[in-house]
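Enquirer: Read off the chains here:
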Amino acid sequence: MAGALTDEVKSAEGGFLQLHKDYLDANSLSNDLLEFNKAGIERFESLKFPHPKHEMFTFVNTREIASTEFALNPGGTCSADVVKNHVYACSEQSCLVLVDGVYQPELSDLSALAGKVELADFEKAFSDEKLKQSLVESLKKETDVFSALNAAFAKQGVFLKVLPKAQINKPIQVLLVSTGAEGKPAMSAPRFCVHIGKHAEVKIIVKTVGDGNSYFSNTVQDYFLDENSSVIFSQVQADSKESWNFSKTFVRLNQYSRFKSTHAMAGSKLTRNNYQTHLCEPGAELTMNGVSVLVDKEQVHQYIQVNHHAPNCISHQYFKNIVNDKSRASFDGTVVVDPGAQLTQSDQLINNLMLSDEAHADGKPNLMIYADDVKCAHGNTVGQIDDEQLFYLETRGLSASVAKTLLTTSFARSIIDTVEFPEVVEDLKSLLLSKLERNHA
Amino acid sequence: MNIQTQSKPQATLDDVLTDKSEYKYGFTTDVDSDIFRKGLDEDVIRALSEKKNEPKFMLDFRLKAYKKWLTMKSPTWPHVHYPPIDFQGISYYAAPKPKKKLESLDEVDPEILRTFDKLGIPLDEQKRLSNVAVDAVFDSVSVATTHKKKLMEHGIIFCSISEAVHEYPELVEEYLGSVVPIGDNFYAALNSAVFTDGSFVYIPPDTISPMELSTYFRINTEETGQFERTLIICAENSYVSYLEGCTAPQFDTNQLHAAVVELVTLDNAEIKYSTVQNWYAGDRETGKGGIYNFVTKRGKCLGKKSKISWTQVETGSAITWKYPSCILQGDQSVGEFYSVALTNGLMQADTGTKMIHIGKDTKSSIISKGISADKSSNAYRGLVKVNKGASNARNYSQCDSMLVGDQCSAHTFPYIESANSSANLEHEASTSKISEDQLFYFQSRGISRENAISAVINGFCKEVFKQLPMEFAVEAEKLLTLKLEDSVG
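One line per chain: the protein sequences are A and B, in this order.
Residue numbering for the first sequence follows our numbering, starting at 195 and increasing by one per position.
Residue numbering for the second sequence follows our numbering, starting at 542 and increasing by one per position.
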């Protein structure tokens, strides 16, 4: 059996390598971009496709991806209606649309951001030799094989620079649309990078949606926060049920910068998010909240690393998962406190609510601590609806199903309510909470 | 007891006074060992089996394990670092020269008896004063067994495993390898192929062991890996408490210890297994020498309402790699794990437990306390797994770490996997240092800083210590204080 698995892994690798050759043949790329893409595929080859016991993929079964043949994404377009449906009212004049990883200026509207941001496409960004070199260098240290794969296929992403001291009240929405092609599922590699200048304050909403059935979206997002800057961030995942979604989010925080995020996941056939966060200078603060509501065979796997490199930084993580039917949720999170990162405060809490015996909820909250004057704690629970709470509601005249819905929705609401954008909260109610109502009806 | 001057007559009084926390039990005993040539192949295993005059099923068991071992690789996932071990550079059998069957302690090699004396466990004294039977494993071969008669009156079998292979082959054949299969992991496979001796306990149905059973292990000959094998079977409605304590002499070559312990409980039975481990951890500054403690310990709660409880105090070894586990197969069975792991110097520990819930209404609790000092690294790694059919499973885990000094590290790697909606699992962990406020308070009351630290540390570990039998608890507290003497200041 071990042999069969190795073969599968090898064929997956071969599949992607062939796809990359096709990609190079099909596109005439600038030399700068070509250098980046090549560095990506080289890193992919040296990291190798993850075998089933890979520590970074403990709970993620990559077999189906390994055995699926993917097609190159032709770089599709989508109708203005799709964009209209998914752009929140608060961001109508501050939205960036990427379809299958390709930036669509005609579908985007940045009128509210004039004078506060600078936008560059890949061609332009890569002409900056320094930036290109730093990206190629960082690829050499890449540990996530899917992020390397993204670099190998990324061609038309965006770089957004928020100018120093900019105060942007309207949230910037990044809408990532994936279209499903006919025949083999297509792979896209959306990539965007946001650089927030000193003292700038910005709100960002990232929403991923599917305009098609089966696709493989492999996203990389980078956020660089300069001194004293602040980001309030929301991620909404509303992909097609038949899609594979891999993403890597990189966050670097400099002195006294703040990053506060909420990640709401509706799940898909296989969704895996890798968050790499680095608190690099004193006083940085990171807050990450997450909620997943999963039914049927949906899966969401969160892989998080919080690296405390400097003293006096604070990080909080609070994740909740509700799993029903045959769904699976996992959380694999590590807090690393470097030597010298004294007075670190870090906490991490994961609560799982299991509504079915066929579902799985796995957790691996890790701590790696190399400094002594720190306060670090983590907790992980798996449980079900409390019978006493249910009984109490029933004594007040609520039917069992209404009572269950009330308890499960309030479990999820505690995270959803931390989202600062009312439009997003409403969206999440219909996207996540309606699943719970449907289930108990 | 002035051990240092006894064991090192050349040491001056100054050495003794200035070097008080050096390894207390660092001495070797002059006993002729019957040592096999270095290296491992099928012939060595055949010779080993022949030497021990084993029945065929044992040789088959060993050879099967050896073949499996050849296909396996040394695990790389633990958070420990060490140079690759040359398995062909180890001699796989060392025994004190075989003696005739002994009638009394007087016939035992006086040198060996003196060794035990230094360890503070004079057999004759223990026989008289305490209610403890000691099956002393001296460098892989049992040399003395006391209290055997009294145990036999209750129908309890407590002997070396090589004896059990001859006397009770049907029990050994049925249970050996039933909890830790030969191919379970690299070191368990190696142990299955080459284990030399260990303890065997069988508690018959409806029997409460009249005393706590205890074995003192001691590694003696240089460059001899010790491969112990322990098998404890507790039949219906029975109870036994088993103590294991370890010390080892000081050497410059790393010594490998790859033991396997298997426990089986049938309906309503309970086994309580306690360990105090204080092997030589290597030189404090350079990390040279020291034992590699790669142990597979696992218990299977086979019967309904059965219970297995592990308590461990790990204070020694250069590297500890050990996960005493419970397979909760019987309905309503209970697994417990209480651990204190202290690392100092350059020690590395990756230890924890596995609780596998299979039966219905099973419960497990995990209390783990890690203390790291100096430049050491201390990791808790644990798995709580609830299978699909394990309805109403309950687990509570708590892993606390304490850091002493800014060069050490503490890690927690819990794996929590649930496949049953009625399971209730809780895990929490925290990391902290000894609070200056606490120390100040102690000192303001006239308690020296050193005693204050000792009190805080012992308080931190109290939940675990109270699980230990009395004499072990006292020893454990002393050990911890002794170990941390130079680390906090």
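Worth flagging that the hints you see were computed from the coordinates, not collected in a lab.
These figures come from a predicted structure and were not determined experimentally.
Don't be surprised by glycine CBs; every beta carbon is placed ideally from N, CA and C.
Any given hint could be a false lead.
[What the hints assert, rightly or not] With a Cα cut of at most 30 angstroms, we get these calculated DSBU-like pairs of lysine-lysine: (1) K598/A - K901/B; (2) K614/B - K204/A; (3) K895/B - K247/A; (4) K247/A - K974/B; (5) K974/B - K569/A; (6) K463/A - K929/B; (7) K378/A - K278/A; (8) K598/A - K895/B; (9) K247/A - K608/B; (10) K691/B - K491/A; (11) K929/B - K435/A; (12) K974/B - K520/A; (13) K901/B - K204/A; (14) K454/A - K974/B; (15) K916/B - K569/A; (16) K247/A - K609/B; (17) K901/B - K520/A; (18) K204/A - K608/B; (19) K691/B - K593/B.
[Stated by the list, open to error] Residues of chain A clear of chain B, computed beta-carbon distances all greater than 10 angstroms: (20) E249; (21) D275; (22) Y297; (23) E317; (24) K326; (25) L333; (26) H554.
Enquirer: Take the hints in turn and mark each one as holding or not.
Expert: Status of each hint after checking the structure:
Our distance criterion of 30 angstroms between C-alpha atoms is met by K598/A and K901/B, whose separation comes to about 25 angstroms. This hinted pair checks out: K614/B and K204/A have alpha carbons roughly 21 angstroms apart, not beyond 30 angstroms. As the CA atoms of K895/B and K247/A are separated by approximately 18 angstroms, the hinted pair is consistent with the 30 angstroms bound. In summary, the hint linking K247/A to K974/B is not supported, as the alpha carbons are separated by about 35 angstroms, beyond the 30 angstroms threshold.
For the proposed pair K974/B and K569/A, the alpha carbon gap of about 8 angstroms is at most 30 angstroms, so the pair holds. Taken as a hint, the K463/A and K929/B pair is honoured in the structure, with Cα atoms around 21 angstroms apart against an allowance of 30 angstroms. Our distance criterion of 30 angstroms between C-alpha atoms is met by K378/A and K278/A, whose separation comes to about 28 angstroms. Taken as a hint, the K598/A and K895/B pair is broken in the structure, with Cα atoms around 33 angstroms apart against an allowance of 30 angstroms.
Restraint check: the Cα-Cα separation between K247/A and K608/B comes to about 23 angstroms, which is no more than 30 angstroms; the hinted pair holds. Restraint check: the Cα-Cα separation between K691/B and K491/A comes to about 61 angstroms, which exceeds 30 angstroms; the hinted pair is violated. A hinted pair counts as satisfied when its Cα atoms are at most 30 angstroms apart, and K929/B with K435/A qualifies at roughly 25 angstroms. Of the supplied pair hints, the one linking K974/B and K520/A is violated, its CA atoms being roughly 43 angstroms apart against a limit of 30 angstroms.
Of the pairs offered as hints, the one joining K901/B and K204/A is violated, with about 41 angstroms between alpha carbons and a cut-off of 30 angstroms exceeded. For a cut-off of 30 angstroms, the pair hint linking K454/A to K974/B stands: about 29 angstroms separates their Cα positions. For the hint linking K916/B to K569/A, the alpha-carbon distance of about 20 angstroms falls within 30 angstroms, and the restraint holds. Between K247/A and K609/B, the direct Cα distance comes to roughly 20 angstroms. Compliance with the 30 angstroms bound is thereby established for this hinted pair.
With a CA separation close to 21 angstroms, the supplied pair K901/B and K520/A stays within the 30 angstroms bound. Under the criterion of a C-alpha separation no larger than 30 angstroms, the hint pairing K204/A with K608/B is consistent with the structure, at around 28 angstroms. With a CA separation close to 27 angstroms, the supplied pair K691/B and K593/B stays within the 30 angstroms bound. The beta carbon of E249/A is not kept farther than 10 angstroms from every beta carbon of chain B, the shortest such distance being approximately 7 angstroms.
Every Cβ of chain B is farther than 10 angstroms from the Cβ of D275/A; the closest lies at roughly 40 angstroms, confirming the non-interface assignment. Every CB of chain B lies more than 10 angstroms from the CB of Y297/A, the least distance being 41 angstroms, so the non-interface label holds. Separation of E317/A from chain B is adequate, the least Cβ-Cβ distance of about 43 angstroms exceeding the 10 angstroms criterion. Chain B leaves K326/A outside its interface by the beta-carbon criterion, the shortest separation being 35 angstroms against a cut-off of 10 angstroms.
Every CB of chain B lies more than 10 angstroms from the CB of L333/A, the least distance being 25 angstroms, so the non-interface label holds. With a least CB separation of 5 angstroms from chain B, H554/A falls inside the 10 angstroms interface cut-off, contrary to its annotation.
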